[in-house]
Structure formats: structure tokens, C-alpha cells
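Chemist: Sequence:
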Amino acid sequence: GIRNALGQVGVELELILSDNASSDKTEDICMKAAAEDPRIRFFRQDRLLGLYEHHNFCLEKARGKYLGFFHDHDLHAPDFAQRCIQLMETHPRVGLVGADWRMENETGEFLGERRFRVPEVEPGRNYVERTIRSGRSSVAIPGALMRREVAGKRRLEGAKGFGDFKLWFCIAEDWDIGHLKETLWTMRQSADAQSATTILQMTADVS
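Numbers in our numbering are just positions in the sequence shown, counted from 1, shifted up by 1173.
A portion of the hints provided could be inaccurate.
To be verified - Here are the in silico distance ranges between beta carbons for each label pair:
#  : residue 1 : residue 2 : range
1  : 1331      : 1194      : 19 to 25 Å
2  : 1221      : 1266      : 34 to 40 Å
3  : 1183      : 1292      : 20 to 26 Å
4  : 1201      : 1288      : 38 to 44 Å
5  : 1276      : 1251      : 17 to 23 Å
6  : 1208      : 1266      : 39 to 45 Å
7  : 1185      : 1307      : 35 to 41 Å
8  : 1226      : 1276      : 32 to 38 Å
9  : 1204      : 1276      : 28 to 34 Å
10 : 1305      : 1194      : 18 to 24 Å
11 : 1281      : 1251      : 30 to 36 Å
12 : 1195      : 1302      : 38 to 44 Å
13 : 1306      : 1204      : 44 to 50 Å
Derived from the structure by calculation, the hints contain no laboratory data. Glycine included, C-beta positions come from ideal geometry on N, C-alpha and C.
Whole structure, please, built from the sequences with the hints as guidance.
Modeler: Here's what the structure looks like:
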């Protein structure tokens, strides 16, 4: 997880590393990583936060121009953040970018893919209408980057599994939605994930 986030190329980044009240050696691992890399800001929760409460904590602490979440059990291509940022820089009206992804179990066994036949850039209302019709979003929390300005005071909330829908829909009211039609990240299914006890939030600035 930490190595995955810090391995993003072509961007300057700040890594908000938040340990969600773990009872194992997570805190020691995080403290060691923060001592070795000045890009990391480490926080330890003194109680177990709910999934979206934890995400929102990370959003509050982030200072970057672009915001995104890296869960500790997922994997991202080294140029994932760079590609998302490039799309937003090329299209100033795009406020949120997602990408296709694959799914694996904890041992790396392939479970499936999510490939979306959607435009690279589309009006936000088109994204909302398609998502409502299909019940499936082309943007997922661990595989998305958004402009800090579009997040604003908006936060994740609601039923588990649907809090991101509400946030994306609010953003889509005013912004276009981008999509990279390549498999640029991997969602790893974990039996003990909350989405995971530790959430890594990477906030990147253009290098």
C-alpha cells in the first residue's frame, strides 16, 4: 500500500497515511515509513472510524491540488495519478477522473474486470443519467482523482457502498467527468477490509 502510493511517477505528492485504530503492527510500520519519507504525514486514530468518516478525515487533512484515495490493499499503475492529472489539465472542465479496473482476491487470483464504454470526457449530467440507469458507476473511490476545488466542503456520506455515488453526482452537477479507458488499477478483495483498516490518501500536485 505505502509503496504503491509513493511509487506514483511524474507527480509531486503528499501522502496522508491514516491508521484506523489498528490492533496489529500497522502503527509501527506507518511511523517507520513517515520517518523515512518526508512526503508522508501520519495520523493515528484513537477509535475505529466508520468507512466514510475515515475517508473524510483524510480529505480534511489533505493539502494538494488533486485528491485521491489509495486503499492499502489495492494496486495502481505507476502513472495512474499522472494520467488522471494530464486529462484534467487538458480539459479544464473535467473535475473528476476514473479509469477501468480489474479485480483480484487476496492471493492475486483474477476475478474479473470493469471496462466501461463511456466517453473520455462527458458532461456530468450524462454520467449521472447513465449511472442511475445502469446502477453501476464508472468511477470508484480507490480509482479516481478529483480537483480539490470540486471537492470543496462536499464529503462522503450515506449507505456503505453508495456514499461515493452521492459525491460524484454533486460534482457532476457542475463539472464534466473524465474516464481513462485503460485498466490502470486493481481492486483486491479482502475479507477483513472495511474498505480496509488503513486508508492511504494520496494528494498529488503537478510536478
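Chemist: For each hint, tell me whether it holds in the structure or not.
Modeler: Verification of the supplied hints:
1. 1331 x 1194: 19 to 25 Å: Because 22 Å falls inside the window, the suggested range holds.
2. 1221 x 1266: 34 to 40 Å: 39 Å, holds
3. 1183 x 1292: 20 to 26 Å: Roughly 24 Å apart at Cβ, these two residues keep to the hinted range, so it holds.
4. 1201 x 1288: 38 to 44 Å: 39 Å, holds
5. 1276 x 1251: 17 to 23 Å: Since residue 1276 and residue 1251 have Cβ atoms about 20 Å apart, the given range 17 to 23 Å holds.
6. 1208 x 1266: 39 to 45 Å: With a Cβ separation near 41 Å, residue 1208 and residue 1266 satisfy 39 to 45 Å, so the hint holds.
7. 1185 x 1307: 35 to 41 Å: 36 Å, holds
8. 1226 x 1276: 32 to 38 Å: Given range 32 to 38 Å: violated, Cβ gap about 25 Å.
9. 1204 x 1276: 28 to 34 Å: 31 Å Cβ-Cβ, so the 28 to 34 Å window holds.
10. 1305 x 1194: 18 to 24 Å: Hint violated: Cβ distance 36 Å, outside 18 to 24 Å.
11. 1281 x 1251: 30 to 36 Å: 18 Å, violated
12. 1195 x 1302: 38 to 44 Å: 41 Å, holds
13. 1306 x 1204: 44 to 50 Å: 47 Å, holds
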